[in-house]
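Given the sequences, and given the hints that come with them, work out the whole structure.
Residue numbers (UniProt numbering), protein chains in the order written: chain H, 1 to 99; chain G, 1 to 99; chain V, 1 to 99; chain X, 1 to 99.
Do not take every clue at face value.
[Stated by the list, open to error] With a Cα cut of at most 16 Å, we get these calculated EDC-like pairs of lysine to aspartate or glutamate:
{"hint": "1", "chain 1": "V", "residue 1": "11", "chain 2": "X", "residue 2": "40"}
{"hint": "2", "chain 1": "X", "residue 1": "9", "chain 2": "V", "residue 2": "78"}
{"hint": "3", "chain 1": "H", "residue 1": "80", "chain 2": "V", "residue 2": "78"}
{"hint": "4", "chain 1": "V", "residue 1": "72", "chain 2": "H", "residue 2": "81"}
{"hint": "5", "chain 1": "V", "residue 1": "72", "chain 2": "V", "residue 2": "29"}
{"hint": "6", "chain 1": "G", "residue 1": "19", "chain 2": "H", "residue 2": "40"}
No lab work stands behind these hints: they were computed from the structure.
There are 4 protein chains.
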Amino acid sequence: MEEACCCHKTKKRDPEEYKDLIHRLNRIEGQIRGIKGMIERDAYCTDILTQVAAVSAALNSFNKVLLENHMKTCVVRDIKEGKEETVDELMKILQKLMK
Amino acid sequence: MEEACCCHKTKKRDPEEYKDLIHRLNRIEGQIRGIKGMIERDAYCTDILTQVAAVSAALNSFNKVLLENHMKTCVVRDIKEGKEETVDELMKILQKLMK
Amino acid sequence: MEEACCCHKTKKRDPEEYKDLIHRLNRIEGQIRGIKGMIERDAYCTDILTQVAAVSAALNSFNKVLLENHMKTCVVRDIKEGKEETVDELMKILQKLMK
Amino acid sequence: MEEACCCHKTKKRDPEEYKDLIHRLNRIEGQIRGIKGMIERDAYCTDILTQVAAVSAALNSFNKVLLENHMKTCVVRDIKEGKEETVDELMKILQKLMK
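This is how it looks when you write it as structure tokens:
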């Protein structure tokens, strides 16, 4: 359920989506700390780059999960309520994600 | 200066490179925690996706700094020492980074 | 207006969108022929790679135009008609575009 | 073998590399013409986007082949001849390819 607070829209997510997103971010945070540890242990460049590629992949999959949820809930609801500006909003973020 | 420990090569970085890489990772870690906070505060999907795009950009620039240092030190030294397998190693990681 | 032929859906585009898409593809086709010419004239590698990056950017912008049109016409219409599988279809293609 | 013509470096490629690169570009050119045909036949948006994703993948693999050849010939030779600016040149193009 989406509410418009003073300046930003918010979105109440169901517990399952909430838990999944937090779990993914916790893992990514751990991976970043792991890479810091590699630098601290003088790890070799290509080994570090391999780990960073894994973090980028994890972020990309986080994006896809969030985007799919957004489209199946907010975008569908907005379109049914005639708020078609939701498509412009979606396109704006896709411009960034489709580098 | 690069040493081959039992199974993994290591690389002693100069203090400036070391500090820059750690600083970048600390900032990325902070950004990830910030996104977790957004989820906890029921932030709207596209606002979260915008922040994740910023983290991906920060990771990409971390990669470029590390890659440039790697090429200007390890790859140049290896080629001068006739260890041309360094190019295969570099190409392997570029395959991942050039999705 | 979208019709379902025997196995594939088709889409009648308005003349303006049609002309723009064809114009973009003609230009991309010309760029590819230009790169072939560079190879034939023994052009240097990085000069060629620079041109290929320009083609990738042109393809990416072609995708964004097509995607925006698709969302503002087919996806909005389908959702209003209760055909929410259009979102799964959109997500499937976004998975490919969001490498 | 690389010569510096008046303003641009050129590179004489071995017949095998030359044939492979031209073959790849011919195929990509054909794919672009195929996509034009899809637009002319009012093909559905997501079917077109799927084909464009295939062209992007083909361009990406063309880049990797060209880059690997470049590194194993021009970059190795330049470094052995003490022309280390070749690394800056390589990094400049990687910045574009590592969007």
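Results of checking the hints against the structure:
no., hint, result
1, V:11 x X:40, "holds (10 Å)"
2, X:9 x V:78, "violated (54 Å)"
3, H:80 x V:78, "holds (10 Å)"
4, V:72 x H:81, "holds (15 Å)"
5, V:72 x V:29, "violated (27 Å)"
6, G:19 x H:40, "holds (10 Å)"
When the structure is compared with the earlier hints, violations turn up for hints 2 and 5 and for no others.
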